[in-house]
Amino acid sequence: DAGVTQSPTHLIKTRGQQVTLRCSPKSGHDTVSWYQQALGQGPQFIFQYYEEEERQRGNFPDRFSGHQFPNYSSELNVNALLLGDSALYLCASSSLQEGNTIYFGEGSWLTVV
Amino acid sequence: DAKTTQPTSMDCAEGRAANLPCNHSTISGNEYVYWYRQIHSQGPQYIIHGLKNNETNEMASLIITEDRKSSTLILPHATLRDTAVYYCIVSNAGGTSYGKLTFGQGTILTVHP
Numbered sequence: 016d017a018g019v020t021q022s023p024t025h026l027i028k029t030r031g032q033q034v035t036l037r038c039s040p041k042s043g044h045d046t047v048s049w050y051q052q053a054l055g056q057g058p059q060f061i062f063q064y065y066e067e068e069e070r071q072r073g074n075f076p077d078r079f080s081g082h083q084f085p086n087y088s089s090e091l092n093v094n095a096l097l098l099g100d101s102a103l104y105l106c107a108s109s110s111l112q113e114g115n116t117i118y119f120g121e122g123s124w125l126t127v128v
Numbered sequence: 483d484a485k486t487t488q489p490t491s492m493d494c495a496e497g498r499a500a501n502l503p504c505n506h507s508t509i510s511g512n513e514y515v516y517w518y519r520q521i522h523s524q525g526p527q528y529i530i531h532g533l534k535n536n537e538t539n540e541m542a543s544l545i546i547t548e549d550r551k552s553s554t555l556i557l558p559h560a561t562l563r564d565t566a567v568y569y570c571i572v573s574n575a576g577g578t579s580y581g582k583l584t585f586g587q588g589t590i591l592t593v594h595p
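Sequence order for the protein chains is C and E.
Note that my numbering has the first sequence beginning at 16, numbered continuously upward.
Note that my numbering has the second sequence beginning at 483, numbered continuously upward.
Derived from the structure by calculation, the hints contain no laboratory data.
There may be inaccurate statements among the hints.
Stated by the list, open to error - Away from chain C, derived, C-beta distances all over 12 Å, residues of chain E:
| no. | residue |
| --- | --- |
| 1 | 495 |
| 2 | 496 |
| 3 | 547 |
As the list claims (entries may be wrong) - Derived Cβ-Cβ restraints for the label pairs, each shown as a range:
| no. | chain 1 | residue 1 | chain 2 | residue 2 | range |
| --- | --- | --- | --- | --- | --- |
| 4 | C | 70 | E | 535 | 21 to 31 Å |
| 5 | C | 113 | E | 491 | 30 to 40 Å |
| 6 | C | 29 | E | 590 | 31 to 41 Å |
| 7 | E | 533 | C | 70 | 48 to 58 Å |
| 8 | C | 128 | E | 507 | 38 to 48 Å |
| 9 | E | 493 | C | 66 | 42 to 52 Å |
| 10 | C | 31 | E | 538 | 45 to 55 Å |
| 11 | E | 539 | C | 43 | 12 to 22 Å |
Quick reminder that beta carbons are idealized off the backbone N, C-alpha and C, glycines included.
Generate coordinates for the entire structure from the input sequences, incorporating the hints supplied.
Okay, structure coming up:
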């Protein structure tokens, strides 16, 4: 049983560009959350998707958007990239029907130059 | 979600038990205590969680005080591979904050030979 998988693992973008990160949740999980982790900091909650809708959102600007597909996979999009967006982006999945445990993927390292 | 307080760093000798404390004095009755760890450059790994009873799994034990204002994560026989940042998180699992984890700075545990 595959856990949470994310792609790509590493990428480099130029300031002002747009990026899309992808996540496949753990089998049986229907809720996907995204986190941003800057170097030396703990992960910060960006937003959460359930039933293809954004259910909760952290303190992130509208440049950060997402999508959830019918198969529960999800994308995180960031527009007009800033140098400060350089971070590890983590996807986490969960399901109330399968208990309260939240599992994380290995993340996508984004470097903005 | 309630705030948690953890020591910045701790050391442990290989083969000995590692006891990581966490204070969560403002925890609410429906909030769970979660523990995750993060090894450098990897996604957070779920360890254990509990509501009010002590919990044990193949990785660790979680001891929650009777008033639920503090807890201790116990790694019974620490190995070098247990060196990581350990996060204690309080979350209203199943409630309005479902799936949203608020990470602090965590405890850097160093296991030495």
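Comparing the hints with the structure gives:
| no. | hint | in the structure |
| --- | --- | --- |
| 1 | 495 | holds, 27 Å |
| 2 | 496 | holds, 26 Å |
| 3 | 547 | holds, 20 Å |
| 4 | C/70 - E/535: 21 to 31 Å | holds, 29 Å |
| 5 | C/113 - E/491: 30 to 40 Å | holds, 34 Å |
| 6 | C/29 - E/590: 31 to 41 Å | holds, 34 Å |
| 7 | E/533 - C/70: 48 to 58 Å | violated, 23 Å |
| 8 | C/128 - E/507: 38 to 48 Å | holds, 44 Å |
| 9 | E/493 - C/66: 42 to 52 Å | holds, 46 Å |
| 10 | C/31 - E/538: 45 to 55 Å | holds, 51 Å |
| 11 | E/539 - C/43: 12 to 22 Å | holds, 19 Å |
Checked against the numbered hints given earlier, the structure breaks only hint 7 and satisfies all the rest.
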